[in-house]
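S.K.: In case you want the letters, here they are:
Protein chains: 2
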Amino acid sequence: MPELRKDPVLGRWIIISKERRKRPTDFPVEISTGSGGFCPLCPGNESFTPSEVLAYRDGHQPRNGPGWEVRVVPNKFPALVIEGDLSKEGVGLYDRMNGIGAHEVVIEGPDHEVTFADFSSAKKVLVFKAYKERIIDLEKDSRFKYVMVFKNHGKAAGASLEHSHSQLIALPILPRMIVSELDGARSHFKYKERCIFCDIIRQEIRQDERVVCQNDRFITITPFAPRTPFEMWVLPKRHASAYYSLDDADLHGLAEIFSESLQRLNRCIPNVPYNFVLHTDPLRSGGLEYYHWHFEIVPKLTSIAGFEWGSGFYINPLPPEEAALYLRESFGPTSEGAQSEKGTLG
Amino acid sequence: MPELRKDPVLGRWIIISKERRKRPTDFPVEISTGSGGFCPLCPGNESFTPSEVLAYRDGHQPRNGPGWEVRVVPNKFPALVIEGDLSKEGVGLYDRMNGIGAHEVVIEGPDHEVTFADFSSAKKVLVFKAYKERIIDLEKDSRFKYVMVFKNHGKAAGASLEHSHSQLIALPILPRMIVSELDGARSHFKYKERCIFCDIIRQEIRQDERVVCQNDRFITITPFAPRTPFEMWVLPKRHASAYYSLDDADLHGLAEIFSESLQRLNRCIPNVPYNFVLHTDPLRSGGLEYYHWHFEIVPKLTSIAGFEWGSGFYINPLPPEEAALYLRESFGPTSEGAQSEKGTLG
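These protein sequences, in sequence, are chains A and B.
Counting in the numbering used here, the first sequence runs from 1 upward without gaps.
Counting in the numbering used here, the second sequence runs from 1001 upward without gaps.
Hint data in this document are derived by calculation from the structure and do not stem from the laboratory.
Since the structure is predicted, the reported quantities are computational estimates derived from the model, not experimental observations.
Be aware that a few hints might be false.
Derived BS3-like pairs: lysine-lysine, alpha-carbon spacing no greater than 25 Å straight-line [as the list claims (entries may be wrong)]:
1. A:Lys190 x B:Lys1006
2. B:Lys1192 x A:Lys6
3. A:Lys6 x B:Lys1237
4. A:Lys129 x A:Lys145
5. B:Lys1190 x A:Lys6
6. A:Lys237 x B:Lys1190
7. B:Lys1192 x A:Lys192
8. A:Lys192 x B:Lys1190
Just need the whole structure built from these sequences, with the hints factored in.
M.R.: Shown next, in the form of structure tokens:
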């Protein structure tokens, strides 16, 4: 049984996933994505994954066979398990509970070679719709408080399989980042009676210095205090705290703005590894006036991601106004090559 | 002038280091440590670094020449600059100030080939003493609120130069991680009138499940809720909130426990990249009853560090009790090889 543990000082929960336990020699310093080898996510290999919980396919084709456009399956090596009780307990100073939750893999398309960024917007709609449907389904389980949706693209961003996929984890606790966001947003609302994200959107549109692109329903900005070069946030223009409240037109707008944002990013830094994380409200919170769902897209540039993730402190060499300018103009690579001068910052 | 910016929702400060600004093509996805090439940190190349602010060398040898054991120099490409005013200001919703601070490189030894882990304890003493002296000196500057000391070892942990070195950044703000730690520790103290870290040390010694090693003055544990496999904390057994309060005997005890802890880590995972970060109290806080300085050593295992640093949420496949057992017994690599089975967690 996996375990959830809370750091007694920071209040940060982590998952100890004993099912995925490894021996010291099982931690290669570099891991290969296994390009060219067998892929359990490809059509025809459905029997190598657990039975699907959702799939979009032609109505005449059987479950757990090929013919799907998007397929959601439980993770074969889940960080959390679906069956059991939470059994919360204290161990001296410490707090723990059983690692109850859902851990699912969203296989974003049948084609092994095509990355999410290169999907048509119509294909992206299906992926975003699958997130929505899975969140709505998982909300019914009262043990869960939050559903995290995230994508690791590229080896440096943590992807161990090449085939385009994202992941979804239903948690019995709120992740610390969301707790902090809710706290910050609540404080702002208490003082101003306005959603801080709505204020940010208004200010960004007015200043027009960090807007990457927008359509009727969505806007992509480089945030004022970004952790990495080319960090982007994708926000709905209309206030909404819950991701799953988006309607069909929203899904199309979201797919379109993701297509444009990722294409612009890839034209600035070809094949850049990145993570995106959905930030949405806690399950069953019933629509919050002070919170605003959004995606955060964080490119993983290994040359700068050193101690930062261990310390929570970030140094970013590129002002977001300049990143936005590059993204708006979508500069391609120049002839100056990819190697920069190296500073003494190690 | 670099700039400090605060995320309006999270209160997280980041540095926009325009001096280190780059074009999109300057972000290589993989960066080489330049092994075998010219090294600006080696003896004889002192003129390639800014003038030293501290060095331990034979008294007869001139400044900025060879003969040193430890040498501290300003970073040639600093994230923050020492001269100027903070000029704090609001920009609509946002808060910013000038990026005033110090950014120094601690060159830990003259030998290019020897890693910090392999230093004798006597040599490590000089490094830890240099941290202490620099913090005491930087505290005199009333613009600074905190001194961060950290080390990136290995390419995957962000080191761009191979020669063993650590870094020190004096900041006009408190990093978010420290604010959170102080808040958590203060709450515990308010309720219990005890330092939470002292409580942790007592409980760890009593339980003896996560103790890696200890000596008279220090203890190394794998924390109850570690972010990564083999994460270790090194804490002074006697309560102290300020790192720079350590005396000569403490310096020796610290050097010895670091030697032992890193040797044990390297025997479990040879040449593992890692970061360590000093967590100490804010400058001029005058001795806090509720806070306790310590080092956090975080191995960088790229196979698991995916979206975690972007989301603040961690999945760790190795329980710290087992990590402690491996570290105590210091298993070497087995014949099973370094490649593990891969899960569908991407």
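S.K.: For each hint given before, does the structure comply? Return the numbers of the non-compliant ones in rising order.
M.R.: Failing hints, ascending: 6, 7 and 8.
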